Amino acid sequence: MSTAMPTHPSWDALVDYWLGDGDAAASDAIDAHLMQCDACGALVDEVSALSRGVRDAFARGQVPAMLTPAFVDRLKATGRRVREYRVSHNGSIVCSVAPDDELLVSHLSAPLQGVTRLDAVLALSLAPGREQRLHDIPFDAQAGEVVFTPRTAEVHHLPTHDLRVRLIAVDAGGEREIGHYTFHHQAARPA
Amino acid sequence: MDAIDVAAPDSAEAQLAQRIAHAPAGAARDAEAQLYRLLAPRVRRYGQRHLRDDHTADDLMQHVMALAIEKLRSGALDEPRRIVSFVFGACRMTVLDLLRGQRRRDELLRRHADDLPLADLHVAPRLDHERVARCLERLPERERAVLVLSFYEEQPAEAVGHSLGLSAGNVRVIRHRGIDRLRRCVDGGRRAA
Numbered sequence: 000m001s002t003a004m005p006t007h008p009s010w011d012a013l014v015d016y017w018l019g020d021g022d023a024a025a026s027d028a029i030d031a032h033l034m035q036c037d038a039c040g041a042l043v044d045e046v047s048a049l050s051r052g053v054r055d056a057f058a059r060g061q062v063p064a065m066l067t068p069a070f071v072d073r074l075k076a077t078g079r080r081v082r083e084y085r086v087s088h089n090g091s092i093v094c095s096v097a098p099d100d101e102l103l104v105s106h107l108s109a110p111l112q113g114v115t116r117l118d119a120v121l122a123l124s125l126a127p128g129r130e131q132r133l134h135d136i137p138f139d140a141q142a143g144e145v146v147f148t149p150r151t152a153e154v155h156h157l158p159t160h161d162l163r164v165r166l167i168a169v170d171a172g173g174e175r176e177i178g179h180y181t182f183h184h185q186a187a188r189p190a
Numbered sequence: 453m454d455a456i457d458v459a460a461p462d463s464a465e466a467q468l469a470q471r472i473a474h475a476p477a478g479a480a481r482d483a484e485a486q487l488y489r490l491l492a493p494r495v496r497r498y499g500q501r502h503l504r505d506d507h508t509a510d511d512l513m514q515h516v517m518a519l520a521i522e523k524l525r526s527g528a529l530d531e532p533r534r535i536v537s538f539v540f541g542a543c544r545m546t547v548l549d550l551l552r553g554q555r556r557r558d559e560l561l562r563r564h565a566d567d568l569p570l571a572d573l574h575v576a577p578r579l580d581h582e583r584v585a586r587c588l589e590r591l592p593e594r595e596r597a598v599l600v601l602s603f604y605e606e607q608p609a610e611a612v613g614h615s616l617g618l619s620a621g622n623v624r625v626i627r628h629r630g631i632d633r634l635r636r637c638v639d640g641g642r643r644a645a
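Order-wise, the sequence lines are chains W and V.
Using our numbering, the first residue of the first sequence is number 0, and each one after it goes up by one.
Using our numbering, the first residue of the second sequence is number 453, and each one after it goes up by one.
So that you can see chain W by itself, here it is in the shape it has in the complex (with noise of 0.2 Å):
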C-alpha cells in the first residue's frame, strides 16, 4: 500500500516528473498526488503544454538551435526532413534549401579539445556591418563539432546571401577564434 504525498510538489518537482527524472518512489507519490489534486493536476497540465509548445515551435523550424549529432540522427530516424552541410575547419560551402525541407542541419568541424567556453559570431551579407553573437554555446568537446539549426522556416523565404559564422574560444586569459566557416545560400527561387 502506498499514499499519497501530504504536501503539494513543486513546480520543478512537477517538470522533473514530466521528464522522467527522480526515482521510482517519488514519481509514484506525484501520480498518487495527482489523482485527488486537481490543483497541481493543472500545473501539470502547463508543463506539458509548454513541452508541447517547444515540441510544436522546433519542428515547424521556428527556433534556431544548438543540437548535437545524435539528436539529428534521431530527427532523421523518426522520418523528419532534415538537410545537413558539413563544413570542414575554416572551410565554406554552398547550400541552400528544398521546399519540403523542414530543417537545416549543418555540422561545423572545429578542434574542440581542451575549449571551456565557446561563442558563435555570425555575420549575414544581408545586414552589412551588423554581428550576432551567441555566448556560451553548448558543444560535445569529444565530437568535435558544433551542430546547429537556424530558423529554417525563415531560411526557406531568404534570397541568395552568404552567412559567416567564427567560433570563439572564451577562458580566463581571453579569447581566440578556433574557427571560420562561411555558407554560400543560393535562393530556391530569386526573391
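Bear in mind the hints are in silico, worked out from the structure with no lab data behind them.
It is possible that some hints are incorrect.
Which stretches of chain V does chain W cover? Using the computed rule of at least three CB atoms under 8 Å from a CB of chain W, they are [said to hold, decoys possible]:
#, segment
1, 493-500
2, 517-528
3, 532-541
4, 584-590
5, 594-608
A few chain W residues that don't get close to chain V, going by computed Cβ distances all over 12 Å [as the list claims (entries may be wrong)]:
#, residue
6, GLY19
7, SER26
8, LEU33
9, ALA58
10, THR67
11, PRO110
12, ARG129
13, ASP170
14, ILE177
The structure presented is a predicted model; accordingly, all values stated were derived computationally and were not measured.
We treat Cβ as the ideally placed atom computed from N, Cα and C, and that holds for glycine.
Assemble the complex: chain W is given as a structure, and chain V must be docked to it using the hints.
Just chain V now, with coordinates in the frame of chain W:
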C-alpha cells in the same frame, strides 16, 4: 488489484460513487457524469505521462472510466467510497499491461465505451507555437538547447546531459531556469493578447 489510499472517504468523488452504487444500475446518470468530469482528466493525465501518446491516453481514460462506472453500477466494488483508489489502481495495471504489450490499444475501448456519460472535460491548453518560438529565442543558447533536447523527445536530464557533455544535475539547473523564463514569457504574452 492493490489497495491504494489516495483520497479521503468523504471526498466529492466518494460521495458520487456511493450515489451511483446505491441507485438502480444506470439510474444515477447525473452522478456518473459528475464523477466522470472529476476523474477522467486525471486518468488522461496519468496516461499522457506514462504512455507519452495523447491518443492512447484518451483510450486509457475511456477504458478506466467505463470500468469504474460499470463496477459501481453492478455493485462489484466493495467500498465505493474508495473509488479514487480503484481508478488509480486500474490506471497502473492497464498502463503496465500496455507497456508489456499484453493489451492492445483497441482492446481498451471494447468495454462499454459508448455507454459512458458524456461530460465536458477540461483540456490542457494548447499554446501558440509562434509565441513559444519567440520566447525560446529570447533564452540564452544553452538554456534553449537544453529545453529543445529535453522537451522535443521528453528526455530526462541524464540523457540530455550525456549528449551535451553535462552532468544530469547541471542539466536540471539549466532546465529549471530556462522553463521558468519560458513560462513567464509565454504567460506574459498570453495575458497581453
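Here is what the structure says about each hint:
{"no.": "1", "hint": "493-500", "in the structure": "holds (count 5)"}
{"no.": "2", "hint": "517-528", "in the structure": "violated (count 0)"}
{"no.": "3", "hint": "532-541", "in the structure": "holds (count 3)"}
{"no.": "4", "hint": "584-590", "in the structure": "holds (count 4)"}
{"no.": "5", "hint": "594-608", "in the structure": "holds (count 14)"}
{"no.": "6", "hint": "GLY19", "in the structure": "violated (4 Å)"}
{"no.": "7", "hint": "SER26", "in the structure": "violated (9 Å)"}
{"no.": "8", "hint": "LEU33", "in the structure": "violated (6 Å)"}
{"no.": "9", "hint": "ALA58", "in the structure": "violated (8 Å)"}
{"no.": "10", "hint": "THR67", "in the structure": "violated (4 Å)"}
{"no.": "11", "hint": "PRO110", "in the structure": "holds (16 Å)"}
{"no.": "12", "hint": "ARG129", "in the structure": "holds (17 Å)"}
{"no.": "13", "hint": "ASP170", "in the structure": "holds (16 Å)"}
{"no.": "14", "hint": "ILE177", "in the structure": "holds (17 Å)"}
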